[in-house]
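Trainee: Dock chain E against chain P, hints included.
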Amino acid sequence: MEDRAHANSLNHEYSQEQVASESSNQVIKRDTQYNSFKTCSGKLERQLSELIGKTQELDLEANEAVPDVHLYFDALEGPELDTLKATETLALPEDKTWPFLLRFPISSFGMCLGVSSQAILWKALSTVPSMKFLHVSLKVNLNLWFISLALTCIISFIYSLKIIFYFEAVKREYHHPIRVNFFFAPWIACLFLALGVPPSVTQNLHVSLWYALMAPILCLELKIYGQWMSGGQRKLSKVANPSNHLSIVSNFVGALLGASMGLKQASIFFFSVGLAHYTVLFITLYQRLPTNQPLPKELHPVFFLFVAPPSVACMAWAKIQNHFDYISRITYFIALFLYASLAVRINFFRGFKFSLAWWAYTFPITGASIANIRYSNEAENVISPTLSVVLSSISTFTVASVFVSTFIHAFVLHDLIPNDISIAITHKRPPKLKKKKSSHFKSIANDAH
Amino acid sequence: MEKKEDVKQANPEEFPSLIKYIASKSVKGFDTTPNLQVDPVFANGSQHANTDTHKNSVIEHHHSHSISISLPASPSEFHAERAKRIPNIDNIHKNGASASNDQPEDSIFSAANSEQKKHAKFHSQPMSFGDSCNNVTLEVQSKIQRQDSLKDKRFDSFKTFSGKLERQISNLRGIPQPPVAEYVNASEITEEDIIPAVDRYFDALQGPELDTLKASEESVLPEDKKWPFLLRFPITSFGICLGISSQAILWKALATSPSTSFLNVSLNVNLVLWSISIALMGIVSLTYFLKIIFYFEAVRREYYHPVRVNFFFAPWIACLFLTIGLPPSVTTNLHKSVWYVLMIPILCLELKIYGQWMSGGQRRLSKVANPSNHLSIVGNFVVALLGASMGLKEGPIFFFAVGLAHYIVLFVTLYQRLPTNETLPKELHPVFFLFVAAPSVACMAWAKINDDFNYGSRIAYFIALFLYFSLAVRINFFRGFRFSLAWWAYTFPTTGAAIATIRYSTEVKNVFTQTLSVALSSISTVTVTALLVSTIIHALVLHDLFPNDISIAIAYRKPKSSKKNTHIKATNSDAKDIEAGV
Numbered sequence: 001m002e003d004r005a006h007a008n009s010l011n012h013e014y015s016q017e018q019v020a021s022e023s024s025n026q027v028i029k030r031d032t033q034y035n036s037f038k039t040c041s042g043k044l045e046r047q048l049s050e051l052i053g054k055t056q057e058l059d060l061e062a063n064e065a066v067p068d069v070h071l072y073f074d075a076l077e078g079p080e081l082d083t084l085k086a087t088e089t090l091a092l093p094e095d096k097t098w099p100f101l102l103r104f105p106i107s108s109f110g111m112c113l114g115v116s117s118q119a120i121l122w123k124a125l126s127t128v129p130s131m132k133f134l135h136v137s138l139k140v141n142l143n144l145w146f147i148s149l150a151l152t153c154i155i156s157f158i159y160s161l162k163i164i165f166y167f168e169a170v171k172r173e174y175h176h177p178i179r180v181n182f183f184f185a186p187w188i189a190c191l192f193l194a195l196g197v198p199p200s201v202t203q204n205l206h207v208s209l210w211y212a213l214m215a216p217i218l219c220l221e222l223k224i225y226g227q228w229m230s231g232g233q234r235k236l237s238k239v240a241n242p243s244n245h246l247s248i249v250s251n252f253v254g255a256l257l258g259a260s261m262g263l264k265q266a267s268i269f270f271f272s273v274g275l276a277h278y279t280v281l282f283i284t285l286y287q288r289l290p291t292n293q294p295l296p297k298e299l300h301p302v303f304f305l306f307v308a309p310p311s312v313a314c315m316a317w318a319k320i321q322n323h324f325d326y327i328s329r330i331t332y333f334i335a336l337f338l339y340a341s342l343a344v345r346i347n348f349f350r351g352f353k354f355s356l357a358w359w360a361y362t363f364p365i366t367g368a369s370i371a372n373i374r375y376s377n378e379a380e381n382v383i384s385p386t387l388s389v390v391l392s393s394i395s396t397f398t399v400a401s402v403f404v405s406t407f408i409h410a411f412v413l414h415d416l417i418p419n420d421i422s423i424a425i426t427h428k429r430p431p432k433l434k435k436k437k438s439s440h441f442k443s444i445a446n447d448a449h
Numbered sequence: 001m002e003k004k005e006d007v008k009q010a011n012p013e014e015f016p017s018l019i020k021y022i023a024s025k026s027v028k029g030f031d032t033t034p035n036l037q038v039d040p041v042f043a044n045g046s047q048h049a050n051t052d053t054h055k056n057s058v059i060e061h062h063h064s065h066s067i068s069i070s071l072p073a074s075p076s077e078f079h080a081e082r083a084k085r086i087p088n089i090d091n092i093h094k095n096g097a098s099a100s101n102d103q104p105e106d107s108i109f110s111a112a113n114s115e116q117k118k119h120a121k122f123h124s125q126p127m128s129f130g131d132s133c134n135n136v137t138l139e140v141q142s143k144i145q146r147q148d149s150l151k152d153k154r155f156d157s158f159k160t161f162s163g164k165l166e167r168q169i170s171n172l173r174g175i176p177q178p179p180v181a182e183y184v185n186a187s188e189i190t191e192e193d194i195i196p197a198v199d200r201y202f203d204a205l206q207g208p209e210l211d212t213l214k215a216s217e218e219s220v221l222p223e224d225k226k227w228p229f230l231l232r233f234p235i236t237s238f239g240i241c242l243g244i245s246s247q248a249i250l251w252k253a254l255a256t257s258p259s260t261s262f263l264n265v266s267l268n269v270n271l272v273l274w275s276i277s278i279a280l281m282g283i284v285s286l287t288y289f290l291k292i293i294f295y296f297e298a299v300r301r302e303y304y305h306p307v308r309v310n311f312f313f314a315p316w317i318a319c320l321f322l323t324i325g326l327p328p329s330v331t332t333n334l335h336k337s338v339w340y341v342l343m344i345p346i347l348c349l350e351l352k353i354y355g356q357w358m359s360g361g362q363r364r365l366s367k368v369a370n371p372s373n374h375l376s377i378v379g380n381f382v383v384a385l386l387g388a389s390m391g392l393k394e395g396p397i398f399f400f401a402v403g404l405a406h407y408i409v410l411f412v413t414l415y416q417r418l419p420t421n422e423t424l425p426k427e428l429h430p431v432f433f434l435f436v437a438a439p440s441v442a443c444m445a446w447a448k449i450n451d452d453f454n455y456g457s458r459i460a461y462f463i464a465l466f467l468y469f470s471l472a473v474r475i476n477f478f479r480g481f482r483f484s485l486a487w488w489a490y491t492f493p494t495t496g497a498a499i500a501t502i503r504y505s506t507e508v509k510n511v512f513t514q515t516l517s518v519a520l521s522s523i524s525t526v527t528v529t530a531l532l533v534s535t536i537i538h539a540l541v542l543h544d545l546f547p548n549d550i551s552i553a554i555a556y557r558k559p560k561s562s563k564k565n566t567h568i569k570a571t572n573s574d575a576k577d578i579e580a581g582v
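Going line by line, the protein sequences match chains P and E. According to the UniProt record's numbering, the first sequence is numbered sequentially starting from 1. According to the UniProt record's numbering, the second sequence is numbered sequentially starting from 1.
Just so you know, not all the hints are guaranteed correct.
Unchecked claim - Which residues of chain P face chain E? A partial, calculated answer using Cβ under 7 Å:
(1) Leu222
(2) Gly226
(3) Lys235
(4) Ile283
(5) Thr291
Source of the hints: derived by calculation from the structure; they are not laboratory data. For glycine and all other residues, C-beta sits at the position ideal for the given N, C-alpha and C.
If we strip away everything but chain P, and leave its shape as in the complex, we get (with noise of 0.2 Å):
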């Protein structure tokens, strides 16, 4: 828009005055730019100045329809799949900065996680008997835990400003087929509060917590592990991505609070569902099937995602059975398999562009260490305590590190949350009818490849 600005200063045909009202056309059109992303503004104008009968040229059929699922696949590019491929033209413009709340991702919730993990992990340091040694304080935990709270209540706060202002964008981050997964973030994040919280603050949550935690994660994988049966465009073996592990890690995290506050029957639901599903997503990850186009080919933050189911899942069954059986330890030691197969590749783990959502990458290194932790209970050697303590300053170490990049980007580059491209793809066909032949042909191709 600037480069056509200059252009038109340069063009000695147009007079100023022409300029002039042009820039300021564009200016009162800039501020409708966004409003096919709002929830009621856009359709409400127009409805008025239909009834007005003034003629409406919004180019509002451009984003009345949530794109399909292989428009993404088309569009974006990344491990993530939230950078645009040269190709293709947004539907917001690209050179602005856009208003926050539609910059702000669901992946927020990430930082949520990271916390309130950590929350845990200095809560088990300080109350697991194999760990007195360190004298750590509960005070600790205690700081996490509010400062987490406070993350969480903000977060939600904003994303719901997000769902109120910003419905649209809201679907087309639902529709996304990885950025799906984050919906699971908050559930998790309120799971993971329930569990670090302090002895000092409460020490018994009422049960009706767990039911209104676990009611909204169900619907969710009701949903998600039903696309992936029935097929449709979001079969598992076109979506697989390890940020898939946050809908099942969620089930295992569910059955490990359930577990402790009492709830027996429906902990093991949740953890059976949780079971059934990581096999197929386990063996379909490692598979790395040619049509799984999300997968990212070198590795990246993301991976440490598979160490967090098996991580979770022990210290579920473990509390399930009220002891560390050799399910807990087969569990546990998978986890601890996968962590230091990454991390022998930490090499690889390179010159990636930071953003929010490596948030939600750290807690799987914080559930591997708190899953150590139970286990060096369990376990009389010195190997154990000795692990736990590397696990641990490894995983502070690392969402301190994170912690301070997101503070750099926030306040030294300001640009933490930039442009969120992935919800502005655009379908570029005019008219409708030609829209569905061409994306049925676009799915054969898909196919045939």
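Mentor: Below, chain E without anything else, positioned relative to chain P:
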């Protein structure tokens, strides 16, 4: 090419291949053609089914102008085309030569071609010199009349002995056979000796159960007639036995389980249902047994069908269900030999099918995976359940372990929906309810083996429950499917889930579990009743309970140059499916 299209337009269905070789002159009597390759008259006469390109060109260059007609490769084709043929003779007469050039596109060509490979003999009737097409028409008509009297023989290729026997007898006598009988034989050789390769099933059929013929394909049996009853009787009929006998088990559980004792269900319901199901089992088994005797070829084709083969587990599973649901008033102790008798065929089938998955070839799992494979898995768990309730220990654990290993493989594969899975329905279909069967039976089997509903059983039970919910919330998508007998097989998982819930509610007895078991039981009973009603309607009102079983009648060889074609067709049908889904 244009001319050929003309022909095709005039006659959208295929011509019998040999008709296309009519030229304007005929050659005198070459009724006996001992060797196709040598006989010069034959080569000249453009007569036999060999459509080698250079032979065609020979025909073209010499312009031998012979009018000769021979019968089509198989009698059924003849009948299918009969109505259309006569009016088109003129057309053929004009376009014959050029049409024969493009022959390789036609499926009949390949049929004829392979017949030639088998050295089948073709005997044709010569025409007199200088005939016009009027004569041709007459000749054809007279042949049709002859053919009509032999209508019954069309199904001979699927019969067990009849065709062969006749041929052998006549060979013994040394009598030159009447031409028509020989055609029956010719088609028989080709169809009996070669079972269609598994690729052919994928190419020629479509639909979630691979039971609909693609538009481009043709059936070897007449499509427009009703086939003999036995030929139409599919193995999926055993699904009815599965549905009813699992109901018998459900009502037994309702009557005997302490958690549902508040319902005061009488054991008589179980007795009645059990008697019905055993009668049904007897009838279905007898009918299918007759099919095995009289139409062994058809049974073999069902066995090679990649989806149907799973239903070969159904009879044995139904027998196991009957034993499990045995009313206490009939007998309480069954001899253990029953278990061994029922387990052996299941084990053999499994060795065959799981072996095919593993060892690859055409039937590897990434290709044939379909929810109906669950029938082959659930057999293991049912066997384990029955064995454990008879007091055996090691045998049931063996079957449980085998079932578990292959269940994991199948479950993951089905969930992945690999793009290579040609048999997987694009959209939801009742067959998906089979997902619920394996874990719900596994949960009961593990509980019986352990004598305790422990965590393992609970995990299996909850997996079944979640899958059930996951399908139940999508109930809107289960609409608009054509009813088929196979649906019966999809009711037993819902019944199985209900039984497992009753079993669970005896362990965890509270209002929620009891309500759940009553709800699931009523859902399953309502489903079975609804299915019963629609079966009766289809049987007695619409008379289409047993439609022609297209899946077994596909031609055994694909059209020669069809590789490209089938690809295009496949994409087309994909597009159709997607469109239907949208």
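Trainee: If a hint holds in the structure, say so; if it doesn't, say that too.
Mentor: Hints versus structure:
no.	hint	in the structure
1	Leu222	holds (5 Å)
2	Gly226	holds (5 Å)
3	Lys235	holds (4 Å)
4	Ile283	holds (5 Å)
5	Thr291	holds (5 Å)
When the structure is compared with the earlier hints, no violation turns up for any of them.
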